[in-house]
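Chains as they are written, first to last, in our numbering: chain A, 1 to 169; chain B, 1001 to 1319; chain C, 2001 to 2147.
Keep in mind that the hints were calculated from the coordinates and are not lab data. One should not assume that every hint holds.
[As the list claims (entries may be wrong)] As a list, the in silico BS3-like pairs of lysine-lysine whose alpha-carbon atoms are at most 27 angstroms apart:
#1 C/Lys2138 <-> A/Lys29
#2 A/Lys61 <-> A/Lys121
#3 B/Lys1272 <-> A/Lys13
#4 A/Lys124 <-> A/Lys61
#5 C/Lys2075 <-> A/Lys105
#6 A/Lys13 <-> C/Lys2073
#7 A/Lys61 <-> A/Lys105
#8 C/Lys2138 <-> A/Lys111
Predicted, not measured: the structure shown is a model, and the values here were computed from it.
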Amino acid sequence: MWFLPVLIRNLLKGPSTEAFPFGEAMTPKKMRARIAFDPESCALCRVCARICPAGAIQFEKRPDGLEFNLWHNSCVFCGLCTLYCESEGLHATGDWHLSHPQSEKYDLVEKATVKFQKCSKCGKQKMPAPLPLMAKLYPGLSADEIERLRAMCPQCRKAETAPQDGGTQ
Amino acid sequence: MSDSLSLLFAVLVFPGGLFALVLGLAIKGVDRRVAARLQRRVGPPLLQPFFDLIKLSRKETMVPAQASAFIFRWVPLVGLSAMALAAAMIPINGVYQPSTELGDLLALFYLLAVPAVVLMLAGSASGSPFGAIGFSREMAIMLAYEGPVLLALLSVAIRVGVGEGHLISLSLSDIVAYQIAHGPFLLDPWMWPALLTFLCFFPANLGVLPFDIPEAETEVLEGPLLEYSGPSLGLFKMMSAVKCVVVLGLGITLFLPGGPDGIAGLLVFAVKCTVLAVLGVTVVRTAMGRMRIDQAFYFFLKWPAALGIASLVIVLARS
Amino acid sequence: MNAQNPSLLSRLSSKSPWLYRINAGSCNGCDVELATTAIIPRYDVERLGCQYCGSPKHADIVLITGPLTIRVKDKVLRLYEEIPDPKVTVAVGVCPISGGVFRDSYAIAGPLDNFIPVDINIPGCPPRPQAIIEGIAKAIAIWQSRI
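Given the sequences, and given the hints that come with them, work out the whole structure.
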């Protein structure tokens, strides 16, 4: 008979069902779902492709850069890529509306081409140096200074930032 | 001629067949809805059992290669027609009185065993090992509950019979008339053991928790119904809906008959059936888990049997 | 029957899709999420008229989890054949869709759509219950055009 109070309480409290298919669903703030890629913040280090346990991330060679491919149908939302991406180009979003008909199976790809750049000093082709990464590398420098360094290749940048007079920077 | 016509009408349209089917499906819809509410869910629409039937009628029927096709195809129809006939035996006070040769308690009791036999046949004819397990379980639980329930029915029959001056009265109309004259047995504490026995019989006969052991979908994959699909499965669903009305109607006839004439009487009957279904089936199945077959067997031979014997002794002692 | 204007019977029938789960070598994560859609009051898939049934012969929408391991492949194909037509197939989780973390393993025969015509994919590892319900709702729309 112990179950009767529980049942009566359940009846009185009413259903606790979400409205979801007919209304909005609750999404936790920190939920990891679809991974979003920002080509502006990619340093083309390709750690994400190496670290991805499901092999969802691949880079392909293009004439002017590398094409980033993330197939959501393989991604397991582990979040390793967002953790290892030092330049903060990968973010987990809360968008879980991923179900799709079979005809769209191979369209569910996050795709962007990250272009190589030309060094502003020596003119050689170089990997991009995104702002968040540079801000971590050169803390304390002004925004203009960082912009100037970003446009250079690593060699030129090293030469530029090395102390010229033998003292400490 | 008109007698046989009215009998046909009683079996096929009202109160058997069509009426019992619609009422049974509606009760099942209410049952699912209330069960969902008791679990704090929203639950399916009230007409869900009707949708299920329509859907099943449009699906493909598959007959397994190792099944004996004749029995497999026709046995659900046997069950459904037996239940339609049984539904024609239930008196609805003020609306419908079964003819004397129809309204017999023992005949109704034996007809109520037909669905179980049909399930056994279906299970063994399907040629599936799960069907065979369901068959043996159905048989075991049927053996366990038939005895105690017979005791309860007998105590009601003897009570009415002695009240009317002869030893035993098996006519359902007499039972109804006696209770209308002397008050329903529901309000008579001396009849409560019989009522309790009958309440234990409900879930077992209707095949719901905690006694859905033969059809346990998580253990034996719905047992005898495993190989059925499409329209023949729909026949089984119809059979169980009509059986629901028969068993509930029997309970009402035995313990709480009476009601106004005409359409109001029909409504009262339907409401009584629904309330009994909610209290006797829905609440029980929401609150309890499935028993093992041996537990159920011992349970029926212990408590309902004891209650049945007690009720018989009480009735005999007080007469 | 055209998909735009289903008949009344089709529309009524589509309110009663019975679900059947096949575990094609899944890690059980997706199966747990499927169970939550039925058991946990918060999700309650029964609102759509769905009902998890025990037998493949009763199923309308079949939900397949797992990467289709080689050992289980023949059994899954047999079970799939036992489901009466018309039926809708839903691949739940990334494993049946692409292989997920098990892709390129020697023990995997998948992806599933090499063997079974899949209609709806629900990616995720596992997909959250709401995502599954969303996928089932899409599957019901397809099923309405078939029955």
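Results for each hint:
1. C/Lys2138 <-> A/Lys29: Roughly 26 angstroms separates the two Cα atoms, so the pair holds.
2. A/Lys61 <-> A/Lys121: Holds: A/Lys61 and A/Lys121 sit about 25 angstroms apart, inside 27 angstroms.
3. B/Lys1272 <-> A/Lys13: Answer holds: B/Lys1272 to A/Lys13 is near 26 angstroms, not above 27 angstroms.
4. A/Lys124 <-> A/Lys61: With Cα atoms ~18 angstroms apart, A/Lys124 and A/Lys61 stay inside 27 angstroms; holds.
5. C/Lys2075 <-> A/Lys105: Distance ~25 angstroms between C/Lys2075 and A/Lys105 Cα, so the pair holds.
6. A/Lys13 <-> C/Lys2073: Outside the cut-off at roughly 46 angstroms; violated.
7. A/Lys61 <-> A/Lys105: Distance ~23 angstroms between A/Lys61 and A/Lys105 Cα, so the pair holds.
8. C/Lys2138 <-> A/Lys111: Within the cut-off at roughly 26 angstroms; holds.
Going down the numbered hints, you'll see the structure goes against just number 6.
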